[in-house]
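Work the whole structure out from these sequences, hints included.
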Amino acid sequence: MNPMDIVLGFIGIALSVMIFSYLLGDNFFFRVALYILVGVSAGYGAAVLLLKVIIPRLIEPLKESGTDAFWLGLVPLALCLLLALMLVPRTVRAGTLPLSFLVGAAAAVGIAGISRGTLAPQLLAVVNRFSPELLLENSAADWGGIVEAFFILFGVISVLFYFHHRLSRKGAGTQRPLLVEGISDVGQVFLGISFGMLFVGFYSAALTALIARIVWLKDFILALLAG
Amino acid sequence: MKKTLPILVAVLTAVFILAALILRPQLNGWLDVVLNWAVVTASAALLVAVATLLLTHLRAILRGQRGFIYSIILISAFLVSFIGALVLGLENSAYLRWVAAVQLPLETSLLGLAALVMTGAALQIFRSRGWSLLTISFGISALVFLVISLGLLQALNIPLLSTVIAYLQRLPLIGARGLLIGIGIGALLTGLRVLFGLERSWGE
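First to last, the protein sequences are chains A and B.
Be aware that the first sequence starts at 1, since it is given in the numbering used here, and climbs by one per residue.
Be aware that the second sequence starts at 1, since it is given in the numbering used here, and climbs by one per residue.
No wet-lab data here; the hints were simulated from the structure.
Ideal placement from N, C-alpha and C gives every residue a C-beta, glycine not left out.
Honestly, I wouldn't trust all of these hints.
Examples of chain A residues toward chain B, derived with CB under 10 Å [what the hints assert, rightly or not]: (1) 14; (2) 52; (3) 58; (4) 101; (5) 102; (6) 107; (7) 192; (8) 194.
Right under this line is the structure:
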C-alpha cells in the first residue's frame, strides 16, 4: 500500500463512520459528512458544467467573431446573462424569459419522448398480448394466453381507475358507484404488489451496499495490519 | 406584456421543437441549434442554482447564524473540489481519485444506512396510512418477493413451484405498466398545457 492509498483509505473510514453515526441519532459528525458530500458534489458538478458545456458550447463560438456560430451564440449568451441577473434580488424577474424558454423546450422534448418512449411501448405491450400469432397455437386457441391477456388488461385499467378515482375523490369528495369503487380497489392491490417488489429491489441494493462497505472496511484494516 | 412574453416564448419554443421533431430532414439543423441553446441555458441555470446555494451559506457565515460551521465546511469542500478541477483538469487521475475517495464512501454508506432506515420505514407505513388494500398488498408482496429473492425456493427445483414463482415475478409488471401509463399521461398533459399556454411553471 502506498501512502496515498493509506490517506484515502483513512478518509473513507472516517466518512463511513460519520455516516453510520446516524444510527445513534442525528448528530454533528453525520451533518458534517452530508455537508462535505454536498460541497464536493456541487464543486465537481459546477466544474463539469463549466468545462464541458459552457466553455465549449458558449464561449468558444463567441471567439470566432463574424461567423454563423458567433451570431447564433449571442442568443444563449443573452439568456445566460438574464439568468445571472437572478442572483441579484432586485433583478430576479429577469430570469423569467430564459426559464420560460427552458420550460417550452422541456415540454416539447417531454411530449415527444413520453409518447414515443413510455406511452406507446407500454400500451403496445398490453395490446400485443391479444395478437393472433400469440394466442393461436397450432391453429387452436391458447386459452391460458387469452385469460392472461385479459387479466393484464384488466389490471392496467384498474390501476388507471385507481389514479382517476383518487384524483376525483380529492377534488369533489363525492361517493362513486360500487363498480368503480371495486375496480379501483383491485387497482390498489396491483399497485401494492408493484410497490412491494420495488421496495424489495431497493432494499436488496441497499443491503448489498451495506455489506460491501463493511467488507471494504475489513479488507482495508487487514491490509493495513499486514503492512 | 410582462406576462405575455414568457408565455409566448414557451409556446413558440415548444411548437418549434415539436414541428422540427416531426419534420426532421427539413428542420434538423435548426433543431440542433435550438437544443444546443437549451443545453447551454439549462447548464447556466444549474450554475446559478449552485451560486445561490453558495451565496446563502456565505450569508449565514457573515451573519454568524446558528450552525454556520456547516456552511464553512460546505463552502470549503466546494472550493477544494471546484478549484481542483479547474487547476488539474477534470480528467486528471489524481483529482478523480480524490473525488471518488470522498464521494464513494459517503454514497455507499448512505445507501447502506438506507437499508437500516428502510426496515423501520416499511413498518411505519402501516402506522401512518393504516390498514388498507394498498398497504396490505404492499406488505404481503414485499414479504413474498423478499423470500423469492433469497433464491432458496428456486434451489428446491420443484417444477410446479418454479412455475408459480415465474408467474408471481410477472405480476408486479401489471401495476408497473399502469403506473408508467398513468405517469406518462400526466406528463403528456402537463406538456400540452405548456404548449397551449395554460401552464406557467417559471415562477410567476
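Consistency of the hints with the structure:
The beta carbon of residue 14 of chain A comes within 8 Å of a beta carbon in chain B, closer than 10 Å, and the hint placing it at the interface holds. For the restraint placing residue 52 of chain A at the interface with chain B, the shortest Cβ-Cβ distance is roughly 7 Å, inside the 10 Å limit, so the hint holds. With a least beta-carbon distance of about 5 Å to chain B, the hint placing residue 58 of chain A at the interface is held under the 10 Å criterion. Of the supplied interface hints, the one on residue 101 of chain A holds, with its beta-carbon coming within about 5 Å of a beta-carbon of chain B, less than 10 Å.
Here the hint on residue 102 of chain A is kept, as its CB sits about 6 Å from the closest CB of chain B, short of 10 Å. Among the interface hints, the one on residue 107 of chain A holds; its C-beta lies about 4 Å from the nearest C-beta in chain B, closer than the 10 Å criterion. With a cut of 10 Å, the hint placing residue 192 of chain A at the interface with chain B holds, because the nearest CB-to-CB distance is about 3 Å. Satisfaction of the interface hint for residue 194 of chain A is found here, the shortest Cβ-Cβ separation to chain B being roughly 3 Å, below the 10 Å cut-off.
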